[in-house]
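Novice: One line per chain: the protein sequences are A and B, in this order. Note that the first sequence covers residues 0 to 226 in numbering that gives the first Met the number 0. Note that the second sequence covers residues 0 to 226 in numbering that gives the first Met the number 0.
Careful, some of the hints might be misleading.
Same chains, same label: a pair holds when it works inside one copy or across any pair of copies.
The calculated DSS-like cross-link candidates involving lysine-lysine, where the alpha carbons are at most 27 Å apart (straight line), are [said to hold, decoys possible]:
(1) Lys2 / Lys222
(2) Lys121 / Lys111
(3) Lys162 / Lys222
(4) Lys133 / Lys190
(5) Lys133 / Lys144
(6) Lys121 / Lys144
(7) Lys81 / Lys224
(8) Lys224 / Lys144
(9) Lys111 / Lys186
(10) Lys121 / Lys133
(11) Lys2 / Lys186
(12) Lys39 / Lys222
(13) Lys121 / Lys81
(14) Lys33 / Lys199
(15) Lys190 / Lys81
(16) Lys152 / Lys190
(17) Lys162 / Lys33
Calculated directly from the structure, the hints in this document are not laboratory data. Quick caveat: nothing in here was measured; it's all calculated off a predicted structure.
There are 2 protein chains.
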Amino acid sequence: MAKDMSLLWFSGSPPCLRVMIALEEKNLQGYEQKLLSYEKGEHRTQEVRDVNPRCQLPVLTHGDNIINESYAVCLYLEAQFKSQGTQLIPDGPAQQALMYQRMFEGVTLTEKIADVIYYQLKIPEGERHDSAVKRHREALTTELKLWEGYLEKMGAGSYLAGKNFSLADVVIFPCFACCFRFGLSAKNYPKLADYYGLLKERPSVEASWTTNWQTSPPWGKDKLKDL
Amino acid sequence: MAKDMSLLWFSGSPPCLRVMIALEEKNLQGYEQKLLSYEKGEHRTQEVRDVNPRCQLPVLTHGDNIINESYAVCLYLEAQFKSQGTQLIPDGPAQQALMYQRMFEGVTLTEKIADVIYYQLKIPEGERHDSAVKRHREALTTELKLWEGYLEKMGAGSYLAGKNFSLADVVIFPCFACCFRFGLSAKNYPKLADYYGLLKERPSVEASWTTNWQTSPPWGKDKLKDL
């Protein structure tokens, strides 16, 4: 049981999914949850601003500690509950090197996905260019091919940083889940699709697989189809 | 002495500065160094591509382990050399929560700085808009005011996550160093300026303070002057 813990979250948000998976992996069920609607702007209230001046989710509160960056939450939970649930940081320098490396490549991956999927949301109408859309799509294709190669090299059934599930999977899986939600082709990225299938059956992911992850938004269901 | 360790780096790059400070703090001097020139495109060689397919620096090699993400290097070094040099992750849940929180807010800070300073480099000529420049400058101003507020709240002489220097300082100080290099006004951001002054005198920073940090590039010396 997760005492003194509460989470403000959106459904369908990769950073929020990260935190929910981490909480499940650390056996921290039963925390207080508050689901907010992005569409209704429920994150733009004083209540949220008080815990995150940037008005972004997730926000995890644990006792008096407030953490609103998903990577920070994951590292914090692993540090506080090291011997509880899944061990999320492997032993051994080589395994740790690979895990931290992949974890932080995830920042670039996240940016490149957002550049494509949220282009209309991020860039005002008068500043949009077809050439920019094309460039972002090419950059994301290059990025995804890189990850496809990483998984190919690791071998079937492997996780991102080795034979065991780790923090690298906690933070990266939601990125790929987002790509498939927005129409990425399993045929074009077979290793990513296998990895996605493997992780989707994991209890921590199943427990966090909320409505928005089960459907694609009509405006975006084919967004990444041709990558 | 840092055995079996080598670093590929640029002078004046915040991510490279992070890694050099972390190495100094962990008493890992004497590693093999290779300084590359960004201007001459020395990072676009097969040698670099072999250790970083994205052709970005820094790249740290430690034995057989290759890490090319600055945050990953910092966490890796602290994990491998925990009891050597400065303790970079504090004890205690509250201190750790704040440290991880600030560390990962640094990703947003880094992005917003790059959006302003490297706008011409990132955006092709035909896609540039004065309205975008204005928006990025406003976003960076808001972001810097937030950090100014954090430092004000911490009190004079404090580090970013408490009374002790931590990984939050290792990763964030280079961002502020970059801002002042590009003309940020100490008058407009007195707490940031005090913090910058405090950290600049730290031996690990002094040892890493290479030529490009001592001067501003002619094209950018007033870039942030009016923020």
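Novice: For each hint, tell me whether it holds in the structure or not.
Specialist: Structure-based check of each hint:
1. In this assembly of identical chains, Lys2 and Lys222 lie within 27 Å of each other by CA distance neither inside one copy nor across copies; the values are 40 Å within and 48 Å between.
2. In this assembly of identical chains, Lys121 and Lys111 lie within 27 Å of each other by CA distance both inside one copy and across copies; the values are 13 Å within and 14 Å between.
3. Taking the shortest Cα distances, Lys162 and Lys222 never come within 27 Å of each other, neither inside one copy (32 Å) nor across copies (48 Å).
4. With identical chains, the CA atoms of Lys133 and Lys190 are at most 27 Å apart within one copy only, with a shortest distance of 24 Å there and 42 Å across copies.
5. Taking the closest pair of Cα atoms, Lys133 and Lys144 come within 27 Å of each other only inside a single copy of the chain (17 Å); across copies the shortest separation is 35 Å, beyond that limit.
6. With identical chains, the CA atoms of Lys121 and Lys144 are at most 27 Å apart both within one copy (25 Å) and between copies (22 Å).
7. In this assembly of identical chains, the alpha carbons of Lys81 and Lys224 never lie at most 27 Å apart, being 40 Å within a copy and 46 Å across copies at closest.
8. Proximity of Lys224 to Lys144 under the C-alpha cut-off of 27 Å is restricted to the intra-copy arrangement: shortest distance 15 Å within a copy versus 41 Å between copies.
9. In this assembly of identical chains, the alpha carbons of Lys111 and Lys186 lie at most 27 Å apart only when taken from the same copy (21 Å versus 36 Å across copies).
10. Taking identical chains as interchangeable, the C-alpha atoms of Lys121 and Lys133 lie at most 27 Å apart whether they share a chain (16 Å) or sit on different chains (15 Å).
11. Taking identical chains as interchangeable, the C-alpha atoms of Lys2 and Lys186 are never at most 27 Å apart, the minima being 44 Å within one chain and 45 Å between chains.
12. In this homomeric assembly, Lys39 and Lys222 come within 27 Å of each other (Cα to Cα) only inside a single copy, at 23 Å, whereas the closest approach across copies is 37 Å.
13. Taking the closest pair of Cα atoms, Lys121 and Lys81 never come within 27 Å of each other, the shortest separation being 38 Å inside a single copy and 41 Å across copies.
14. Only within a single protomer do Lys33 and Lys199 lie at most 27 Å apart by alpha-carbon distance; the minimum there is 24 Å, versus 43 Å between protomers.
15. Neither within a single protomer nor between protomers do Lys190 and Lys81 lie at most 27 Å apart by alpha-carbon distance, with minima of 31 Å and 36 Å respectively.
16. Proximity of Lys152 to Lys190 under the C-alpha cut-off of 27 Å is restricted to the intra-copy arrangement: shortest distance 10 Å within a copy versus 48 Å between copies.
17. Taking the closest pair of Cα atoms, Lys162 and Lys33 never come within 27 Å of each other, the shortest separation being 35 Å inside a single copy and 34 Å across copies.
The structure fails hints 1, 3, 7, 11, 13, 15, 17 (numbered hints given earlier, in ascending order).
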